[in-house]
Amino acid sequence: MPGPLSIEHLAAAVERATSGALGAQVIGDPQRVITTVAPLEAAQAGALSFLANPRYRRFAAATQAGALVLSEADQRALFPTGSPTCVLIVCEAAYTWFAFAAQALAESTEPAAGCAPSAVVHPGARIDRSATIGPLAVIDEDSSIGAGVQIGAGCYVGRRVRISEATRLHPGVRIYDGCRIGARCLLHSGAVIGADGFGFAPFRGRWIKIPQSGAVLIGDDVEIGAGTTIDRGAMGDTVIEDGVKIDNQVQIGHNCRIGAHSAIAGCVGIAGSATIGRRCQLGGASMIQGHITIADDSIISGATAITHDVREAGFYTGIYPFMRNRDWERNAVLLRHLDELRERIRRLEAQVRTQQTGSDR
Amino acid sequence: MPGPLSIEHLAAAVERATSGALGAQVIGDPQRVITTVAPLEAAQAGALSFLANPRYRRFAAATQAGALVLSEADQRALFPTGSPTCVLIVCEAAYTWFAFAAQALAESTEPAAGCAPSAVVHPGARIDRSATIGPLAVIDEDSSIGAGVQIGAGCYVGRRVRISEATRLHPGVRIYDGCRIGARCLLHSGAVIGADGFGFAPFRGRWIKIPQSGAVLIGDDVEIGAGTTIDRGAMGDTVIEDGVKIDNQVQIGHNCRIGAHSAIAGCVGIAGSATIGRRCQLGGASMIQGHITIADDSIISGATAITHDVREAGFYTGIYPFMRNRDWERNAVLLRHLDELRERIRRLEAQVRTQQTGSDR
Amino acid sequence: MPGPLSIEHLAAAVERATSGALGAQVIGDPQRVITTVAPLEAAQAGALSFLANPRYRRFAAATQAGALVLSEADQRALFPTGSPTCVLIVCEAAYTWFAFAAQALAESTEPAAGCAPSAVVHPGARIDRSATIGPLAVIDEDSSIGAGVQIGAGCYVGRRVRISEATRLHPGVRIYDGCRIGARCLLHSGAVIGADGFGFAPFRGRWIKIPQSGAVLIGDDVEIGAGTTIDRGAMGDTVIEDGVKIDNQVQIGHNCRIGAHSAIAGCVGIAGSATIGRRCQLGGASMIQGHITIADDSIISGATAITHDVREAGFYTGIYPFMRNRDWERNAVLLRHLDELRERIRRLEAQVRTQQTGSDR
Chain H
2 MPGPLSIEHL AAAVERATSG ALGAQVIGDP QRVITTVAPL EAAQAGALSF
52 LANPRYRRFA AATQAGALVL SEADQRALFP TGSPTCVLIV CEAAYTWFAF
102 AAQALAESTE PAAGCAPSAV VHPGARIDRS ATIGPLAVID EDSSIGAGVQ
152 IGAGCYVGRR VRISEATRLH PGVRIYDGCR IGARCLLHSG AVIGADGFGF
202 APFRGRWIKI PQSGAVLIGD DVEIGAGTTI DRGAMGDTVI EDGVKIDNQV
252 QIGHNCRIGA HSAIAGCVGI AGSATIGRRC QLGGASMIQG HITIADDSII
302 SGATAITHDV REAGFYTGIY PFMRNRDWER NAVLLRHLDE LRERIRRLEA
352 QVRTQQTGSD R
Chain C
2 MPGPLSIEHL AAAVERATSG ALGAQVIGDP QRVITTVAPL EAAQAGALSF
52 LANPRYRRFA AATQAGALVL SEADQRALFP TGSPTCVLIV CEAAYTWFAF
102 AAQALAESTE PAAGCAPSAV VHPGARIDRS ATIGPLAVID EDSSIGAGVQ
152 IGAGCYVGRR VRISEATRLH PGVRIYDGCR IGARCLLHSG AVIGADGFGF
202 APFRGRWIKI PQSGAVLIGD DVEIGAGTTI DRGAMGDTVI EDGVKIDNQV
252 QIGHNCRIGA HSAIAGCVGI AGSATIGRRC QLGGASMIQG HITIADDSII
302 SGATAITHDV REAGFYTGIY PFMRNRDWER NAVLLRHLDE LRERIRRLEA
352 QVRTQQTGSD R
Chain F
2 MPGPLSIEHL AAAVERATSG ALGAQVIGDP QRVITTVAPL EAAQAGALSF
52 LANPRYRRFA AATQAGALVL SEADQRALFP TGSPTCVLIV CEAAYTWFAF
102 AAQALAESTE PAAGCAPSAV VHPGARIDRS ATIGPLAVID EDSSIGAGVQ
152 IGAGCYVGRR VRISEATRLH PGVRIYDGCR IGARCLLHSG AVIGADGFGF
202 APFRGRWIKI PQSGAVLIGD DVEIGAGTTI DRGAMGDTVI EDGVKIDNQV
252 QIGHNCRIGA HSAIAGCVGI AGSATIGRRC QLGGASMIQG HITIADDSII
302 SGATAITHDV REAGFYTGIY PFMRNRDWER NAVLLRHLDE LRERIRRLEA
352 QVRTQQTGSD R
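Residue numbers (the numbering used here), protein chains in the order written: chain H, 2 to 362; chain C, 2 to 362; chain F, 2 to 362.
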């Protein structure tokens, strides 16, 4: 739960976090205390809210929020002379200012460091004194847990794992032997890092397992959603670069590389040895085939299957448009016989050409 | 495992549960004791079975079941004078009667209440005396666990969570701070309730996290499958209304609302802020885009991507029909050039029109 | 981590495992000690590598690996007189030989048997003396754990579960009451075996749960990926036959049967009562509808929805090909009106026929 901070403190925190990149003007009392964030309609006197889309102006006009972040255009339109109830924070990047402020509020309440008596920590593990190990967590041999790290209840950290400073594992995260997690990462419950990749050689009608001897290397500032799985490399490692954000129930196969600052929405599957560029965005439930490469700055629509390389940045889609089932049934039959339609067109073209020639003669 | 009950007791239990809505006539000994349920072919003398589809009449005719629920038409066709080995329960809604009876059998064996010595319960948590807390479960500060609740081994219940009466968490369920679970719910292993929604603001080529300060509110009589994840709201809550049934590995994004008595099959993904109506049915692996609304009583086929609002109840589908790979390759090429096919048709139409006019002259 | 073995030992291990089916000739010192496996480019003196695809010959020519498995043709082309630095293992099935050798290396380091003091083992459970029970694992009443079984930290094994010899559960696997796991299986973190199938009967606008009284039966040599869920049968069991390999985040519904030696890639969903044949391959994120049957030896492309029976072995696909979003938008509109295109072709054909007839006259 966000803790209380004055608007003046919030503004200073945003300025520090952005190196002063977001100019903002406060109209009203900067000592007003903010305890939480809330949407325009639900906000009360202690809440900070924002207006980013002019469609919601009418909600902003009536909001009970204690403070409101909005653009200058919106401020002039709605509150040309300020507001009697609401402190206005005027900033062109209103949503981004709000995001930084909400972070500052959230960070103002942090847990006490220490190791729960019920946790099972191997004597050969190195735990920084400022780290927190939750109840019934297991930290195995030769692992190293950095400063300010928080390990939630029931987590498992395998052998020779390294977790860098200020990273947080929510309850029930599991990290296999030898994986590395960078600084300031956030891993949600049920995430599994470093399970075996899916590698088998066929031999006389059965499958022979290829031991997966690589690891998973995760950079700094990475977020990994609930139930997401990232497999260790077969030989060589699976790599998640800095600043990547991964939603829930994403599957990333062995030896993939995800470029820095890419965002991957829920239910995406990325097969082994795929390389995703930097700053890509993969929509929910999109599927990336193995061994392919996606160019930097590509955007893939949700529910789209990428079956070959994307060599050029762009916005790509492949979704069967939904329709009423009875229409779909008719269409699906036609779709299965597109080549016949084309053949009929060819025949028509030939006939028309013949007739043309005939009548031209 | 279901416990033993006489057919008379079973019939009384069904009558209570349905307020007498399902009339049923028993032909045979009502004191016959039933210990389990089984399919027609496998059922033995202590088992209850059912016939709901006339296709399976031949199995029913030969069944060894101790009791059989079936319609009057089936009874007349198969056992016009009763059965020497099998008690007949004649009911028009045979499958529904069977379902209620199977529930009554299952409920006749319940565990003893109490808290496992290995569980870690915060002194500030409130646990009803009739609740069961399994081994190595963690119940955190200020949480409240209602009457008859069963918390499985290794579950995590966060701070300020409220779980109402008779709800059951199977081993390894995780509930984040501040979420609420209604009465008589069933949550399966690996389910994660209340992880952060996927919300980031772009800032100079990286992503700034929007703290997710809402919660998840789950109504009464909700079932949630293994590995399913339901994210907390960004601001405001994610809401699952009463009687919703959710299968395994479903992902529900922040600030969604799922209407009462909807059923969601496995592997469905619902992106943030989507609103699903009441009594909807979403087929397996269907995908619902964010911020859209689906009307009450809609049915969505499996593997269908819903990319815009569904304003009217109906049955909707969007699946690329599968075919032999070589046919698909030819078809997929044509599909990518549908506009060229249309252009060729247009040209043909123009040419034919010209010829027509020519020959009319 | 693989342990050290001489090439002579490795060759003997491969010969034992394959009953001498893979002939191999060693060129160089058979006493060279191998400690790990690595790809051609990264391999150092203690590593075993392989060349299976002629495309990578240039990496093989320059490799620093201590030993290299390759075909006779590759050996002749690259190292006709042997290699000064690298022991050559010449085998036609180079990748398969490598796979067996990598297994032998991996198996040369095994954990010590015993039960962690923090594990919670029911007095009514039977644990073989050679089994390993990890910290904070729970083994419930009447379960039986076979010889050499390894149960990872935080696993849950329910009542009356039977796990056969040499099977390994990674941390955080959960097995519900009454399920059976064969010998030499490997289950990854977050897998859930035996949760309730998704079965409800409609009754007056709400759903009545059908108790799921079957179990899950898993054969020998089965691998199950992280986060994969396999539901127990409603009545009767869900069956996974010998040698099946299942990747991460796969969902298998109640009463399915998966034929021996089939391989199922990540994110696949298989709805209830589907029957998959033997030696099938299901590509990532493919979807199998309920109650259908897929013939032995079928191959299904990734992202393909199988909506009716596949009666004949073959290679099947159904994917909407991706394209630039603006092209897709145009195409999708046309796709929704394929029947109109066909109607226009019909009309053209009639008109051309009439003109033909007219000009013939």
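If you're looking for bench data, these hints aren't it; they were derived computationally from the structure. Among the clues, some could well be false.
Here's a subset of chain H near chain F, in silico, CB distances under 7 Å, partners left out [said to hold, decoys possible]:
hint, residue
1, Met236
2, Ala314
3, Phe316
Ideal Cβ positions, reconstructed from N, Cα and C, are used throughout, including at glycine.
Item to check | Violating hint indices (sorted, rising) | outcome: Violated hint: only 2; rest satisfied.
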